[in-house]
Amino acid sequence: MQNANDYYIQIILNYLKSSVLLNPEEEIPLDRSLLEAGILDSYGIVDLLTFIEGEFGLAIPDEDITKEKMGSIRKMANYIVARGLVGA
Amino acid sequence: MMESVLCSRCVLPSSFPNISFDRDGVCCFCARPETARQTEFDTRQRQEFEDIVRINKGKFAYDALCCYSGGKDSTYMLKMMVRDLGLNVLAFTLDNGFITDQSKQNIVKVADILAVDHLFFKPARAFMTRMYKEAVFGDLNQARGNYITRISDICLSCISVVNTYAARLALSYRIPMIFAGFTPGQIPRAVIKNNHRFYRQTYHQHKGHWTARLGAHAAHYLDLPADPFEIYQMSPYLVFEKSEAFILAEIKELGWIHPEKLDGCTSNCALNVVGNLCHEKKYGFHPYALELSKLIRRGLLSRDEALHKLTLQVEEPVLEQTLIQLGVSRRDLATLEKRGTRACAESSAA
Chain E
84 MQNANDYYIQ IILNYLKSSV LLNPEEEIPL DRSLLEAGIL DSYGIVDLLT FIEGEFGLAI
144 PDEDITKEKM GSIRKMANYI VARGLVGA
Chain A
25 MMESVLCSRC VLPSSFPNIS FDRDGVCCFC ARPETARQTE FDTRQRQEFE DIVRINKGKF
85 AYDALCCYSG GKDSTYMLKM MVRDLGLNVL AFTLDNGFIT DQSKQNIVKV ADILAVDHLF
145 FKPARAFMTR MYKEAVFGDL NQARGNYITR ISDICLSCIS VVNTYAARLA LSYRIPMIFA
205 GFTPGQIPRA VIKNNHRFYR QTYHQHKGHW TARLGAHAAH YLDLPADPFE IYQMSPYLVF
265 EKSEAFILAE IKELGWIHPE KLDGCTSNCA LNVVGNLCHE KKYGFHPYAL ELSKLIRRGL
325 LSRDEALHKL TLQVEEPVLE QTLIQLGVSR RDLATLEKRG TRACAESSAA
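These protein sequence lines map, in sequence, to chains E and A. What the first sequence shows, in the numbering used here, is residues 84 to 171, in sequence order. What the second sequence shows, in the numbering used here, is residues 25 to 374, in sequence order.
Worth flagging that the hints you see were computed from the coordinates, not collected in a lab. Quick reminder that beta carbons are idealized off the backbone N, C-alpha and C, glycines included. Mixed in with the good hints there might be a few duds.
Claimed, not checked - Distance ranges between label pairs, derived from CB positions: (1) A:Arg-56 <-> E:Tyr-90: 17 to 23 angstroms; (2) A:Leu-272 <-> E:Ser-102: 29 to 35 angstroms; (3) A:Arg-78 <-> E:Ala-165: 29 to 35 angstroms; (4) A:Ser-353 <-> E:Arg-115: 21 to 27 angstroms; (5) A:Tyr-197 <-> E:Glu-109: 39 to 45 angstroms; (6) E:Leu-96 <-> A:Ala-150: 23 to 29 angstroms; (7) E:Leu-96 <-> A:Leu-195: 35 to 41 angstroms; (8) A:Arg-78 <-> E:Glu-110: 20 to 26 angstroms; (9) E:Arg-166 <-> A:Glu-74: 24 to 30 angstroms; (10) A:Asp-48 <-> E:Leu-113: 33 to 39 angstroms; (11) A:Phe-145 <-> E:Glu-119: 29 to 35 angstroms; (12) A:Leu-143 <-> E:Glu-110: 42 to 48 angstroms; (13) E:Leu-141 <-> A:Arg-78: 49 to 55 angstroms.
Claimed, not checked - Listed next, the in silico SDA-like pairs over lysine to any residue satisfying Cα-Cα at most 25 angstroms (straight line): (14) A:Lys-217 <-> E:Thr-149; (15) A:Lys-157 <-> E:Leu-105; (16) A:Lys-103 <-> A:His-142; (17) A:Lys-266 <-> E:Phe-134; (18) A:Lys-231 <-> E:Arg-115; (19) E:Lys-158 <-> E:Asn-86; (20) A:Lys-318 <-> E:Tyr-126; (21) A:Lys-217 <-> E:Ser-155; (22) A:Lys-318 <-> E:Leu-96; (23) A:Lys-157 <-> E:Gly-121; (24) A:Lys-81 <-> A:Tyr-189; (25) A:Lys-217 <-> E:Val-129; (26) A:Lys-318 <-> E:Phe-134; (27) E:Lys-100 <-> A:Arg-321; (28) E:Lys-150 <-> A:His-233; (29) A:Lys-231 <-> E:Leu-141; (30) E:Lys-150 <-> A:Arg-321; (31) E:Lys-150 <-> A:Asp-247; (32) E:Lys-100 <-> A:Asp-163; (33) A:Lys-217 <-> E:Leu-141; (34) E:Lys-152 <-> A:Asp-119; (35) E:Lys-150 <-> A:Pro-249; (36) A:Lys-217 <-> E:Glu-151.
What the hints assert, rightly or not - Which chain E residues face chain A? A few, computed with CB under 8 angstroms, are given here: (37) Ser-101; (38) Val-103; (39) Leu-104; (40) Leu-105.
Using the sequences provided together with the hints, build the complete structure.
See the structure below:
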């Protein structure tokens, strides 16, 4: 059975592949900063966080936009779960 | 080479990444329904925008800095800031060396009529042209190897300089809000609080990359002092949506005159056409197709108007003059085409 983290990871990956990436076949790292991996620029990070806010109906405060909390796709999924959206 | 087909509702072409069409020729982006969550998000954005304006008004000598390019969108935005929102504004224009004479006249006239303080900032021409060429022919915009480009490489590099200079001015004058005329397809949200920690993290990467390609002097255009003063980036067109016809009628009253000899997607910058041309060669689609399609979906522009914008080109001698000014030849552009094709082929094969 798919757990909540995997579910959110998949939604984030789907968004990146369908809307953001020129080559959706390219492998996207789950445990690395998308900025450092050269996948997104700073605008792309804001765009992705905006998607997460809109998709899951949450507001991400400024102090949570850190490498520790948002520094990879897996961390983003963990963050969504931690914010209480585990029932999806 | 196969002819690119356009969506029957918007202007996205079949060459656009990840696009698909239904049997009526409607693209997957037009067919995607707007979710209730998105509507909620839009409502929240508007509330947030109004709250930030209310809270920050009257706290400092200037309420807001206006990034004023002299184009139609930023001209109407300046009018809105002064007359509708009642803000005390400092406007500034980055003169990139390609702002038309008519645009400069518009800027001075509008600033006078609206009675706002205004500054021109003109970075050294040698730096700007080198930056543009590195953006087009090199890898200055590092992360865009596999990232859908909403604007051309030329525009992106220019906007990096504009944004940094705007932030520096805002810190220097203690201005809590920076307004920019981004439209719905150009930026994801109406209010972005400057996250200094995040900025410095991205800047750290950015700086080494830029200085390696443009020289140590490049840091001067990207560096910001470590200053915790709170600044909000405001994009009013995301919450106060206006049609182009409305905007043009409003700024006509200010004496704004549309400059001639420009492509259909700009109302101030002669370099835009080169950015568009290079983008189409490198990525296979027009850099404004995404933004204009979003405006069509929101009912702010007709499909015919968008098509007119995309197809309106400058005359050859005008383009030639701009290329000379940039120091780029037709042969350079041809090289770009080959390199883009090879890069795409390599990327597809990977």
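*Of the hints stated earlier, which fail here?*
4, 6, 8, 13, 29, 30 and 34
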